[in-house]
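Work the whole structure out from these sequences, hints included.
So the sequences go chain by chain: A and L. For the first sequence, numbering that gives the first Met the number 0 gives the first residue as 0, with consecutive numbering after it. For the second sequence, numbering that gives the first Met the number 0 gives the first residue as 0, with consecutive numbering after it.
I should point out that these hints are in silico values taken from the structure, not numbers from a laboratory. Honestly, I wouldn't trust all of these hints.
To be verified - Dumping the calculated DSS-like pairs for lysine-lysine here, alpha-carbon to alpha-carbon at most 25 Å: (1) LYS43(L) to LYS221(A); (2) LYS76(L) to LYS221(A); (3) LYS63(A) to LYS9(L); (4) LYS32(L) to LYS9(L); (5) LYS76(L) to LYS9(L).
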Amino acid sequence: MDRKNPDLPKNWELEKLEDGRLVLNMGPSHPAMHGIVRILLTVDGERVTDADAEIGYLHRGFEKTCENVTWNQCVPYTDRLNYVSPFINNVGFALAVEKLMGIETPARCQYIRVIMSEISRITDHLTCLGANAMELSAFTVYFYLINAREALYRLGDSAAGGRVTPAYTRVGGLTRDLPPDFKRDAAEALASVRRNVADAEKMLTRNRIFHDRLRGTGAISKEEALGMSFTGPALRSTGVPLDVRKATPYLVYDRFDFDIPVGSNGDNYDRYLVRLEEIRQSARIIEQALAQLPDGPVNHPAYDVILPPKPEVYNSIEGLMAHFKLTFEGVKPPAGEVYQAVEGGNGEVGFYLVSDGSGRPWRLRLRPPCFPLTAGLPKLIKGGYIADIVATFGQINMIGGELER
Amino acid sequence: MTSYLLETLKTRFPAAVLETHAFRGDETAVVKKEAWKEVAAYLKDELGFDLLLDLTAADYLPREPRFELVCHFYSTKHNYRLRLKCPVPAGDASADTLTGLWPGADWFEREAWDMFGITFAGHPDLRRLLMYDGFEGHPLRKDYPLKKRQPRLPHRD
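Structure (structure tokens):
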């Protein structure tokens, strides 16, 4: 093909190396790259011989921004980290600040936080599996799973007032209690999830094409996965039963009966099975938590932690002053540093906070779970076919919002 | 109150461990920069901290030493967490790389270089990660203005 157009950039043609290999750009604008990652491949025919991931297209300066606002003003920013499981980020951040302050929220608040976290975990897994199936051309499954996700988004919306960006937690509590019909709605939504997941499973798990595309591709050993700092389903698929909810329980997770599924081969198919089972386990946790849900307040009683109820603000000088101080200066955790980990959809979501005793964070660091996973992507795809990249990239479930913050 | 783990570190590295504390239950050891890699290797090989969860930095301008490297380790064998820190002076903002011990430290260190300008001696490929080539400054430093604008770059092939 002889099309020498001087207006085109120099490297518009595939660059050919001396030994016959090609340098190939995958992304950043590619349907399977979820919009924002560029992978530089060196291919020998259909085989990937070398790869390098380039990120940074969705960097928004989350950590820098949070250093310049009050603690509670960070909560809406945490929604936008992992935007398919926003409640987990909200809960993780609130828990970290509460740990820094040395306070604990009432039991009802902790149960609600567990319920919302598990709803988020299911939406995260549903999105991952649905998108993965769609990219491997099983389009019907995508609609089944996204239907189930929509039921859960509506459930979260009924409680928090936002589908994707709920900003539900505050330091020391929640923005509001659950709506009156929540238990009934939750039972309906979970029934929809179970039905759709069962349908999807019938179409995928023993499907010849799906099985062949996932089985044995993107495999990693237990030792390598630990060395690459993998957590979450990607690590559990190699056989390491590490889950923050069991290892170092937070909130009231030690009161529920649930299992941690593990794989044995560390390939894409095991990651798929682990996620599928985790959806069922999360549904179990939600049902147990709703059955045990205690009555009582959802917010911490102290006025220097969370905004007092409005009748107090309008009718007493103490309530008014507390409201004013909290709004303008924010909560003031003591000087110090903490690290709080929660189990996100992709692995350990860790908040490392440093406070200097003022109303703003001195340093706020998020440990994004898909950051090491994306760093390990070249290792997972090397030696495989170009087509396997799509399956592997879908199964590591890279979320740009938390990867690049 | 210090734990068995922190006591062990103090006994093993009496000259290198500057300080230990367990604020809110997070066990923390602060070590000298020169012993950073040695202590990390000891943690990995002898004490079973096989998972490097996070590596980042913090800027404490105007304090000197200005920067601090912060590592969070986890041991899958003992189900135990530990935070390891080392002060890094502004005049010599560099430390030894941990990529030889945990390959996963690669991107964490690239991000620390990108955001704070701390170099890692022995890192195989220390490039910017989130920012682009030609970006001026290191955005998470406290003296980087919040609304600083960057120069326009010429078009590259």
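- Structure-inconsistent hints, enumerated in ascending order: Number 3 - this is the single hint that the structure violates.
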